[in-house]
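J.: Residue numbers (this note's numbering), protein chains in the order written: chain A, 12 to 316; chain B, 16 to 278; chain C, 55 to 471.
Be aware that one or more of the hints could be misleading.
[What the hints assert, rightly or not] Calculated pairs, DSSO-like style, for lysine-lysine (alpha carbon to alpha carbon, straight line, at most 27 Å):
1) C:K366 / C:K317
2) B:K226 / C:K309
3) A:K168 / C:K261
4) B:K226 / C:K444
[Stated by the list, open to error] Short derived list, chain C residues pointing at chain A, Cβ under 8 Å:
5) D174
6) R319
7) V322
8) A323
9) G324
10) Y325
11) N336
12) Y455
13) N462
14) E470
[To be verified] Pairwise CB distance ranges (calculated):
15) B:R167 / A:F85: 41 to 47 Å
16) A:S28 / B:A171: 20 to 26 Å
17) B:L194 / C:M296: 57 to 63 Å
Calculated from the structure, these hints are not laboratory results.
Even for Gly, the Cβ is constructed at its ideal location relative to N, Cα and C.
Okay, here's what each chain looks like letter by letter:
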Amino acid sequence: MSTDLIDAARPAYRQPSWLRRHSPPYWLSLVGGGWMLLFFLIPLASGLIVSLETGNPVSGYTLTWNWHIYSQLFVHSDIPYTTFFIRSLYYGVATTILSILIAYPMAYFIAFRVSVRWKSPLILLVLLSFFVSFVIRTDMWSFVLAQQGFVITTLHKLHLVSSNFHILGTSNAVIGGDIYNNLPFMVLPIYVALERIDRRILEAARDLYSNGRQVFLRVVLPLSRAGIFAGVLLVFITTVGDPVNSSLLGGVGTYTIGQAIQDSYLTNQQFNVAAALSTVLMVILGIIMFAYAKIFGTENLENLV
Amino acid sequence: MGITFVPIVVMMLYSFNNAPTSRITFAWNGFTTYWYRNLTQVNGLTHAFLISLEVAILSSLISVIVGTPVALALGRFRFWGRGPINAIVFADIAAPAIVVGAASLSFFLSINLNTGLLTILIAHVAFNIAYVVVVVRARLSGMDSAIEDAARDLGANAWTTFTKVTLPLIWPGLLAAFLLAFAMSVDDYVITSFIAGSTVTFPLFVYGAAKVGLPPQVLCFGTLIFLVGLIVALANGALNRHQFARATTEDSLAAPTQPVVPS
Amino acid sequence: MSDESHPKRGGPVFDPALWRGLTQRRMSRRDALGVAGKGAGLISMAALLASCGIAGSAERRGAAVDWATFWKEQMPTKQLNFANWPLYIDSEHGKTVSLELFTKATGIKVAYDPVIQGDDSFYATVEPELAAQEVTGYDLMVITNGWYFTQLVNNGFLNELDLSRLPNFFKYASPLVKNPSYDPGNKHSVTWQTGFTGIAYNTKMIKREITSFNDLADPAFSGHVGMMNDNVELGSAALLRMGVNPVGSTMADWKESTRWLEKQRPLVAGYYDQSYISHLENGDTWISQAYSGDIFQANLSGYPHLKYVTPKEGQIVWHDNMVIPRQSQNALSALAWMNFYYTPKIAGIVEDWVSYVCPVPAAQDYILDVIKDKTVANSPLVFPSAAADKLSHGYYIYRDYNDYQAWNDVYNPIIES
Numbered sequence: 012m013s014t015d016l017i018d019a020a021r022p023a024y025r026q027p028s029w030l031r032r033h034s035p036p037y038w039l040s041l042v043g044g045g046w047m048l049l050f051f052l053i054p055l056a057s058g059l060i061v062s063l064e065t066g067n068p069v070s071g072y073t074l075t076w077n078w079h080i081y082s083q084l085f086v087h088s089d090i091p092y093t094t095f096f097i098r099s100l101y102y103g104v105a106t107t108i109l110s111i112l113i114a115y116p117m118a119y120f121i122a123f124r125v126s127v128r129w130k131s132p133l134i135l136l137v138l139l140s141f142f143v144s145f146v147i148r149t150d151m152w153s154f155v156l157a158q159q160g161f162v163i164t165t166l167h168k169l170h171l172v173s174s175n176f177h178i179l180g181t182s183n184a185v186i187g188g189d190i191y192n193n194l195p196f197m198v199l200p201i202y203v204a205l206e207r208i209d210r211r212i213l214e215a216a217r218d219l220y221s222n223g224r225q226v227f228l229r230v231v232l233p234l235s236r237a238g239i240f241a242g243v244l245l246v247f248i249t250t251v252g253d254p255v256n257s258s259l260l261g262g263v264g265t266y267t268i269g270q271a272i273q274d275s276y277l278t279n280q281q282f283n284v285a286a287a288l289s290t291v292l293m294v295i296l297g298i299i300m301f302a303y304a305k306i307f308g309t310e311n312l313e314n315l316v
Numbered sequence: 016m017g018i019t020f021v022p023i024v025v026m027m028l029y030s031f032n033n034a035p036t037s038r039i040t041f042a043w044n045g046f047t048t049y050w051y052r053n054l055t056q057v058n059g060l061t062h063a064f065l066i067s068l069e070v071a072i073l074s075s076l077i078s079v080i081v082g083t084p085v086a087l088a089l090g091r092f093r094f095w096g097r098g099p100i101n102a103i104v105f106a107d108i109a110a111p112a113i114v115v116g117a118a119s120l121s122f123f124l125s126i127n128l129n130t131g132l133l134t135i136l137i138a139h140v141a142f143n144i145a146y147v148v149v150v151v152r153a154r155l156s157g158m159d160s161a162i163e164d165a166a167r168d169l170g171a172n173a174w175t176t177f178t179k180v181t182l183p184l185i186w187p188g189l190l191a192a193f194l195l196a197f198a199m200s201v202d203d204y205v206i207t208s209f210i211a212g213s214t215v216t217f218p219l220f221v222y223g224a225a226k227v228g229l230p231p232q233v234l235c236f237g238t239l240i241f242l243v244g245l246i247v248a249l250a251n252g253a254l255n256r257h258q259f260a261r262a263t264t265e266d267s268l269a270a271p272t273q274p275v276v277p278s
Numbered sequence: 055m056s057d058e059s060h061p062k063r064g065g066p067v068f069d070p071a072l073w074r075g076l077t078q079r080r081m082s083r084r085d086a087l088g089v090a091g092k093g094a095g096l097i098s099m100a101a102l103l104a105s106c107g108i109a110g111s112a113e114r115r116g117a118a119v120d121w122a123t124f125w126k127e128q129m130p131t132k133q134l135n136f137a138n139w140p141l142y143i144d145s146e147h148g149k150t151v152s153l154e155l156f157t158k159a160t161g162i163k164v165a166y167d168p169v170i171q172g173d174d175s176f177y178a179t180v181e182p183e184l185a186a187q188e189v190t191g192y193d194l195m196v197i198t199n200g201w202y203f204t205q206l207v208n209n210g211f212l213n214e215l216d217l218s219r220l221p222n223f224f225k226y227a228s229p230l231v232k233n234p235s236y237d238p239g240n241k242h243s244v245t246w247q248t249g250f251t252g253i254a255y256n257t258k259m260i261k262r263e264i265t266s267f268n269d270l271a272d273p274a275f276s277g278h279v280g281m282m283n284d285n286v287e288l289g290s291a292a293l294l295r296m297g298v299n300p301v302g303s304t305m306a307d308w309k310e311s312t313r314w315l316e317k318q319r320p321l322v323a324g325y326y327d328q329s330y331i332s333h334l335e336n337g338d339t340w341i342s343q344a345y346s347g348d349i350f351q352a353n354l355s356g357y358p359h360l361k362y363v364t365p366k367e368g369q370i371v372w373h374d375n376m377v378i379p380r381q382s383q384n385a386l387s388a389l390a391w392m393n394f395y396y397t398p399k400i401a402g403i404v405e406d407w408v409s410y411v412c413p414v415p416a417a418q419d420y421i422l423d424v425i426k427d428k429t430v431a432n433s434p435l436v437f438p439s440a441a442a443d444k445l446s447h448g449y450y451i452y453r454d455y456n457d458y459q460a461w462n463d464v465y466n467p468i469i470e471s
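Make a model of the complete structure from these sequences and hints.
T.: Quick look at the structure:
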């Protein structure tokens with residue numbers, strides 16, 4: 012029997028419409044994407060718009076395309092916003108570098124020097140202390156580092172420091188607080204990246220006469236690059252914009268751009284100033300991160316996080 | 016590594032300190048469980064804590080429900096919107112909290128939406144969706160999609176495939192996403208400080224109280240949260256211990272997924 | 055082992071592959087156009103929304119209210135939501151006797167929220183709701199006389215009080231808080247506490263007598279000086295130091311006073327809000343601007359070595375006032391509390407703990423005879439003498455927003471550094 016009869020008996024197969032084939036992902040991402048668009052992206056743009064408005068809280072703000080505010084804030088202002096920016100960037104860089112130096116050994120230790128049974132609990136242990144509210148933790152540090160607190164009185168007794176020595180209120184306290192609070196953001200990505208490295212590669216490198224240091228520098232470090240990159244991203248961005256560490260642990264001379272933005276909104280109610288500062292912050296961070304990404308050649312954003 | 020525990024230990028220790036002024040002091044005045052017994056004494060603290068819990072649970076639930084489909088879309092389909100959505104998710108995670116908070120406040124002011132519980136919820140969901148998408152997608156990519164194809168071959172439609180096949184396989188990822196979103200929401204200070212209006216959440220309360228001296232009950236709450244987290248983590252660890260061990264050995268035996276030589 | 059394309063020791067920079075990677079074009083023209091297009095779309099959407107601008111508080115002022123009718127229509131309720139500053143009501147191990155007595159006498163339950171950290175930050179949280187004529191959730195707020203108090207009044211954000219329900223106020227209140235200049239006729243407020251801002255110092259670390267604002271700039275205390283970050287307090291202190299009464303001071307005075315502040319700045323450990331007290335207590339700060347009551351409380355709670363002094367140039371006096379925000383849902387309860395408070399007994403109970411300046415002079419006897427607390431009853435900080443009143447000056451009174459902005463522009467650069 013020829014197959015024509017069978018073919019004729021079967022109902023003709025029609026492809027689902029183009030819409031039906033291509034629309035599922037759009038329906039799926041409609042609500043989530045829409046939410047992020049409406050309540051994340053558009054506010055960012057509206058921040059730019061508000062920065063261009065003039066007025067005051069009493070008579071209201073109207074959009075006047077006041078681009079002058081940017082030169083006003085950064086060139087002619089009594090309040091040294093530019094200094095705050097540079098200071099915040101400095102805190103960001105210092106924190107990032109120091110946290111890489113601290114987090115990498117931790118992650119390395121857990122990834123390579125610990126038996127499989129203990130890996131998960133150890134990582135959990137590191138992350139556990141961060142389960143408690145970070146405001147409480149930071150305040151505990153200011154409690155611990157106060158002059159009548161345990162640390163300084165002990166240092167005094169051991170005659171290691173002068174009687175005038177204080178940690179709180181200095182830039183170092185702020186940086187220390189930043190490092191502490193951002194540690195999990197650095198440890199976790201590096202750890203994940205290190206875990207992914209195939210152990211046999213390390214064996215192969217050793218078989219090819221590399222000593223331990225070369226194995227590390229030439230094999231492990233480059234392969235964990237993506238982890239370091241992700242960690243740097245998260246830590247740097249969080250630190251530059253953070254107002255909490257500098258306000259709880261800092262003093263005079265540690266005022267950051269994060270505090271400036273918060274104060275101009277919440278205390279001085281100068282909405283346009285605050286919006287302008289935060290737009291500039293976003294743009295600067297965006298440029299830095301963009302340049303960083305291009306230099307390190309990571310095109311696939313997905314693989315980062 | 017031990018240093019990360021210093022503030023926690025201090026916190027737990029001083030939650031038992033007898034402080035005559037109802038504010039934490041350095042001087043050790045004797046051990047007492049008084050603060051634990053009178054946990055709800057401090058005006059506004061319990062209320063703030065409950066509000067934080069409520070917001071965290073709601074926003075985590077909503078973001079998991081709303082974010083999982085997005086993760087599915089990104090993980091299982093190739094479509095034009097993929098790039099932009101990836102970019103938005105990335106930006107959402109990477110954006111500094113202060114910018115997001117300030118921008119959200121500008122936005123709410125411009126559209127005349129009053130700051131309060133609703134705006135807190137909206138903003139928390141907005142940043143939690145990104146975390147949910149990332150976690151769920153990671154879980155999805157670890158799952159063999161051939162199983163879904165097999166289910167379809169056996170006659171299941173998309174919905175059945177999702178509920179009977181995909182969901183059971185990725186639900187640990189959903190749980191992890193929920194927990195992550197919960198932690199991010201309960202601990203959020205910066206964004207919430209901008210858009211909370213007169214509503215006080217736990218981090219906002221603690222920040223304000225820290226100015227004049229924390230009441231010891233705050234330390235008690237912190238200790239309790241820590242202990243809960245410890246228990247959850249241990250339970251999670253115990254449940255996953257054998258799974259994890261197996262997975263790690265499998266990973267190291269699997270073929271490398273990255274180029275071996277740095278380019 | 056070296057390959058030509060392998061990075062050589064000491065010079066990965068010369069690797070041609072790296073340069074190729076760095077300079078490779080990663081974004082095509084199409085991509086760039088796409089991003090630009092999306093960006094423009096986003097901005098125009100936002101512009102559409104924001105072109106409405108942000109309404110000012112003045113234009114959102116509600117319609118005028120007939121207060122007599124308003125109060126006649128109010129129904130009594132069993133709830134009171136009271137927002138106040140921290141450490142501002144009696145509190146013994148979490149029990150607030152004054153509030154409990156109130157509940158017993160009237161049946162009204164009080165939700166007490168010590169959320170006010172500053173007039174400015176608190177105003178910023180309630181202003182959007184008040185401007186939109188929505189419920190703030192508070193029935194009673196305590197606001198210092200000053201710009202924000204004036205704003206609340208001028209913008210119509212406060213209920214006018216029904217003075218017929220406050221007989222105790224007229225019977226017991228001190229003449230200093232009746233009919234104040236910032237609220238004539240007590241139309242909107244009755245004083246909760248009065249306070250002084252002067253100088254406090256740690257007698258253990260500073261052995262000599264502190265008498266003047268100039269001591270805040272003593273090089274011997276470098277790194278241990280605290281100042282307030284409330285620019286009204288900061289500016290007023292600087293003006294007083296120059297011998298200028300803040301009330302009636304001019305822009306020239308303000309500018310002149312900043313010169314001393316700038317000279318002082320290297321010595322200052324921090325410009326603090328309420329947190330100055332915890333820095334004084336934990337020893338980081340030795341000398342600071344301070345509120346009289348805070349020091350009194352610190353003395354009684356384990357820090358007897360802190361001392362408050364009125365500088366010889368004068369001190370600032372301010373009044374924290376109870377006000378009822380509009381759209382309060384328990385307005386009658388608020389009035390009930392105001393009336394309940396203005397008695398020697400209740401004011402005495404509160405004052406015994408808070409130890410600022412009591413608005414009820416008769417409370418002094420109550421504290422002496424019933425509570426038997428000689429320290430508070432005889433303290434010139436709580437029941438000041440006429441001499442102390444002579445040394446006390448009020449804040450500068452702003453004429454309008456531009457005036458307020460001018461003051462801010464002069465003093466904020468000192469604080470935000």
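J.: Please go over all the hints and tell whether each is borne out by the structure.
T.: Cross-check of the supplied hints:
1. C:K366 / C:K317: holds (21 Å)
2. B:K226 / C:K309: Violated, because 30 Å separates the two Cα atoms, which is more than 27 Å.
3. A:K168 / C:K261: holds (22 Å)
4. B:K226 / C:K444: Violated: K226 (chain B) and K444 (chain C) sit about 32 Å apart, past 27 Å.
5. D174: Check passed: Cβ of D174 (chain C) comes within 5 Å of chain A, closer than 8 Å.
6. R319: holds (7 Å)
7. V322: holds (5 Å)
8. A323: holds (5 Å)
9. G324: Given a least distance of 4 Å, the restraint on G324 (chain C) holds.
10. Y325: holds (7 Å)
11. N336: holds (4 Å)
12. Y455: holds (5 Å)
13. N462: Hint on N462 (chain C): holds, closest Cβ of chain A at ~6 Å, below 8 Å.
14. E470: At about 5 Å, which falls below the 8 Å cut-off, the nearest Cβ of chain A leaves the hint on E470 (chain C) intact, so it holds.
15. B:R167 / A:F85: 41 to 47 Å: violated (59 Å)
16. A:S28 / B:A171: 20 to 26 Å: Given about 21 Å between the Cβ atoms, the range holds.
17. B:L194 / C:M296: 57 to 63 Å: holds (59 Å)
Violated hints, in rising order: 2, 4 and 15; the structure is consistent with all others.
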